[in-house]
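Top line first, the protein sequences correspond to chains H and U.
Going by this note's numbering, the first residue of the first sequence is number 47, and it counts up by one from there.
Going by this note's numbering, the first residue of the second sequence is number 47, and it counts up by one from there.
Just so you know, not all the hints are guaranteed correct.
All copies of an identical chain are treated as equivalent in the list; a pair is satisfied when it fits inside any one copy or across any two copies.
List of simulated lysine-lysine pairs, DSSO-like, C-alpha gap at most 30 Å [said to hold, decoys possible]:
(1) Lys478 / Lys305
(2) Lys328 / Lys462
(3) Lys507 / Lys496
(4) Lys434 / Lys478
(5) Lys275 / Lys428
(6) Lys434 / Lys328
(7) Lys275 / Lys462
(8) Lys240 / Lys434
(9) Lys327 / Lys462
(10) Lys275 / Lys302
(11) Lys462 / Lys434
(12) Lys443 / Lys462
(13) Lys305 / Lys251
(14) Lys478 / Lys506
(15) Lys462 / Lys164
(16) Lys251 / Lys240
(17) Lys240 / Lys275
(18) Lys434 / Lys327
Simulated from the structure, these hints should not be mistaken for lab results.
2 protein chains.
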Amino acid sequence: MFSYVLPFVFAITLCLSATQAQSPNIIIIFTDDLGYGDLGVYGHPTIATPNLDQMAREGLKFSQFYSGASVCTPSRAALLTGRLPIRYGMVSSTVRVLFPFSLSGLPSAEITLAEALKSAGYKTGIVGKWHLGHKRPFLPLQHGFDSYFGIPYSNDMLKNPEAKWGAARNYPSMILVEGNDIVEKEVDQRNLTKRYTSKAIDFIKDRGEEPFFLYMPHTFPHVPLFASKDFEGTSTAGIYGDVVEELDWSVGQILKTLKEEDIAENTLVFFTSDNGPWLVKKAEGGSAGLLREGKGSTWEGGMREPAIAWWPGTIEGGQTTQQMATTMDIYATALDLAGVSLPSDRAMDGKSMRPIFDSNQSIRDVVYFYLGAELFAIRVGKWKMHYKTLTPYVGEKPETHDPPLLFNLDIDPSEKRNLSVEHPDVITEINKVAHAHLNSFVPPPSELEKLDTMLISGSKKYDF
Amino acid sequence: MFSYVLPFVFAITLCLSATQAQSPNIIIIFTDDLGYGDLGVYGHPTIATPNLDQMAREGLKFSQFYSGASVCTPSRAALLTGRLPIRYGMVSSTVRVLFPFSLSGLPSAEITLAEALKSAGYKTGIVGKWHLGHKRPFLPLQHGFDSYFGIPYSNDMLKNPEAKWGAARNYPSMILVEGNDIVEKEVDQRNLTKRYTSKAIDFIKDRGEEPFFLYMPHTFPHVPLFASKDFEGTSTAGIYGDVVEELDWSVGQILKTLKEEDIAENTLVFFTSDNGPWLVKKAEGGSAGLLREGKGSTWEGGMREPAIAWWPGTIEGGQTTQQMATTMDIYATALDLAGVSLPSDRAMDGKSMRPIFDSNQSIRDVVYFYLGAELFAIRVGKWKMHYKTLTPYVGEKPETHDPPLLFNLDIDPSEKRNLSVEHPDVITEINKVAHAHLNSFVPPPSELEKLDTMLISGSKKYDF
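For reference, chain H alone in the conformation it holds in the complex (with noise of 0.2 Å):
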């Protein structure tokens, strides 16, 4: 039997009394592997990011915001879903994300924000990656969308049916869908960031009466990285600070559309990443900055990203919020300002960040950090613990630690100083709060290990 109380689970938020034609539009924009210290605003040197740092300061910046996951599949699926991806099997320990082998994709009894805000009126349209199932059931028009225009999974990823997984350093061409079908074979990535930038224009300008949610998850800057012919060889930074230069330039686009179409002040942009920085890919991969590690690690460096959040005339302009928030609490906001009470059929694991909006009020203590299925370190107000930790790609073995690691972040951000021997008292009343979390519910067998091995092997003509 599952249990949903959980010590961060929401009663089930009140309605508000706004009608649907007073909720405001939702735009969330969602790189992939972009670092903590990879914009201006968050200190990088060389990387010059004049829209985002302008976003800042017209928005909120956040410095304690974290992805649901280290790695992109269930980090995208705890944004859409508001839950932790080990609730509904899109975790895995041995396949950490969706392949273009994988049979499965994110479960359709989840409701994804797009269901969420469709059921309230809204219209909704993804233009990016997905990556949480490219078979047609698990495509986003089967999610809650309308619209949809991207590419299904990561742009590393092969999609040559002789390709081995692993074999593919090359990096295949990749292939672009529209609604459910394949529209090229071979796109040219150089041009994804200016194209999604132009659909994502097209579909704010296309509006109707009705407000909309527009997810944008960025492809890059994933590797292998491109840049459009405007902005390649034309940062400081190299092709890193190219690609990253023009997502910069795509975020100054979608805001300017807004406040041309007269609704930025009835629109909350919210910018964030997937997860960190992909360290093992040096100048191709960002910098976290002052945190320790990157993607696919439960380290700060891993899951705490850039994070702003922008609403002329409801958020004030630069500030900076220290409170903690997930892409699971975007989820639950979005829910709020939509009028939509959270799944009450369910444990959920978001919270609405209109305390932090309003008035820079704490919505939550806790933060879970799951490598895979497991539950690698938790954080409780300053405290970080690690019962284990792994450093993506040197053995890839993961370290297990007794007793856990423990780390201060208030004045320890960059976890270089465990305390676990001066605060036994901590380590206990931490341990509680695992144990309750881990005891509350039982997980569904993954979905992320359903593979068509016969397409691993290449006896099996890949098909989408």
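Model the placement of chain U on the given structure of chain H, informed by the hints.
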């Protein structure tokens, strides 16, 4: 014979046509041991610096600004003379800074920024930590300042003649100097930032018709850390956060005063720090953000600093520049603004930053990184080359590199990936620049090594 022909030495700066009355006031706020990553606007997650963030929104933020050395005394000398400390003996590889038992200080032959501006009719004042010689001939009043209020050297240095160098871990009390006299034998360090702020505001308010130069070298966040009761225990980030947040408050008070006095548009305020964070102090030291190492090293974290130029109406707000500049360029800038020619009888190492302020034009390609009297590293354009490196306090033995280490700071600001094998041609070119520099002058004997050995041994009474 000296040769003053160096690649980066300017021809004599053209005099401005402006009269003295039109010259702007100049304020330099100089913190002690603040790291590149320690401000909100440089990405720190838990130190709240709303006033410095605001200063950056209203001013120009530098992402590649360097101090003149990685420790106190030579760094301050570089700022106040516009010249590398190696040129006038303010370096030593055994005694890196001045101590209470030092017999010397900044040579009087040097033309300090205060002296140069005084010659242009400026009123000059210093509020804060001097650390360029506490014997009377070397105190600020003998170096061009009209007034002085502050401490003579670092706040962790012994004043007790019975205490031996290095035995001062109990942080003895600190003297306070006004003019040429000790006015308090046991100053309460908790109130230093407040008192400095109050003195600085008085200096601004009591100005005359002439323009003024205010140099405000704060005592903190150098260890031992002290905050006033209004700030102690108030930040998220522990005592280090408290102290930096009080400095941030102080900056806010200064800018507010300038606005209230209606002289903001005629005042250039430059904020930066003397060297990187004192990492060995752990929770009481700061963060260099994504940069490597800190104080006492010639890695980027030792000498690259937060830096903000603020001059409403002249410097456009909300901009970031990637142009390289150093504290010695502050000297040249101030003289430029005051209509004073740079001294032509000696080698100068700074250039006016007006091209950066006006149109983001480059002013320099080369930065020298001395550790003590040795050239450890050199930056030419994007390339940083290390002949030697030191990880401070870990044995304190420099490591020699042959071939030198080579980093592309544009795409690798964290100095992670040595490219010396890939780019021997770059090493050859940079070697030429380094050799031309080293052959262009003969360093005089060290002033820092002139010590009162009787005082060190405790056989003599300490007499200021």
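Quick rundown of the hints versus the structure:
In this assembly of identical chains, Lys478 and Lys305 lie within 30 Å of each other by CA distance neither inside one copy nor across copies; the values are 48 Å within and 53 Å between. Taking CA atoms no more than 30 Å apart as the test, Lys328 paired with Lys462 passes in both settings, with 22 Å inside one copy and 9 Å between copies. For a Cα distance limit of 30 Å, the shortest separation of Lys507 from Lys496 inside one copy, 17 Å, qualifies, whereas the shortest one across copies, 81 Å, does not. Taking the closest pair of Cα atoms, Lys434 and Lys478 come within 30 Å of each other only inside a single copy of the chain (17 Å); across copies the shortest separation is 50 Å, beyond that limit.
Taking identical chains as interchangeable, the C-alpha atoms of Lys275 and Lys428 lie at most 30 Å apart only when they sit on different chains, with a minimum of 23 Å there against 45 Å within one chain. Taking the closest pair of Cα atoms, Lys434 and Lys328 come within 30 Å of each other both inside a single copy (25 Å) and across two copies (24 Å). In this assembly of identical chains, the alpha carbons of Lys275 and Lys462 lie at most 30 Å apart only when taken from different copies (29 Å versus 41 Å within one copy). Taking CA atoms no more than 30 Å apart as the test, Lys240 paired with Lys434 passes in neither setting, with 41 Å inside one copy and 45 Å between copies.
For the identical chains of this complex, Lys327 and Lys462 are neighbours both inside a copy (23 Å) and across copies (12 Å), given an alpha-carbon limit of 30 Å. Only within a single protomer do Lys275 and Lys302 lie at most 30 Å apart by alpha-carbon distance; the minimum there is 22 Å, versus 46 Å between protomers. For the homomeric pair Lys462 and Lys434, the shortest alpha-carbon distances inside one copy (16 Å) and between copies (26 Å) are both at most 30 Å. Taking identical chains as interchangeable, the C-alpha atoms of Lys443 and Lys462 lie at most 30 Å apart whether they share a chain (21 Å) or sit on different chains (23 Å).
Taking CA atoms no more than 30 Å apart as the test, Lys305 paired with Lys251 passes inside one copy only; the shortest distance there is 11 Å, against 43 Å between copies. In the homo-oligomer, the alpha carbons of Lys478 and Lys506 never lie at most 30 Å apart, since the shortest distance is 49 Å inside one protomer and 61 Å across protomers. Proximity of Lys462 and Lys164 under a CA criterion of 30 Å is satisfied in neither setting, with 45 Å inside one chain copy and 48 Å between copies. In this assembly of identical chains, the alpha carbons of Lys251 and Lys240 lie at most 30 Å apart only when taken from the same copy (16 Å versus 54 Å across copies).
Taking the shortest Cα distances, Lys240 and Lys275 sit within 30 Å of each other inside one copy (10 Å), while across copies they are farther apart (53 Å). With identical chains, the CA atoms of Lys434 and Lys327 are at most 30 Å apart both within one copy (24 Å) and between copies (27 Å).
Violation of the numbered hints given earlier is confined to hints 1, 8, 14 and 15; the remaining hints are satisfied by the structure.
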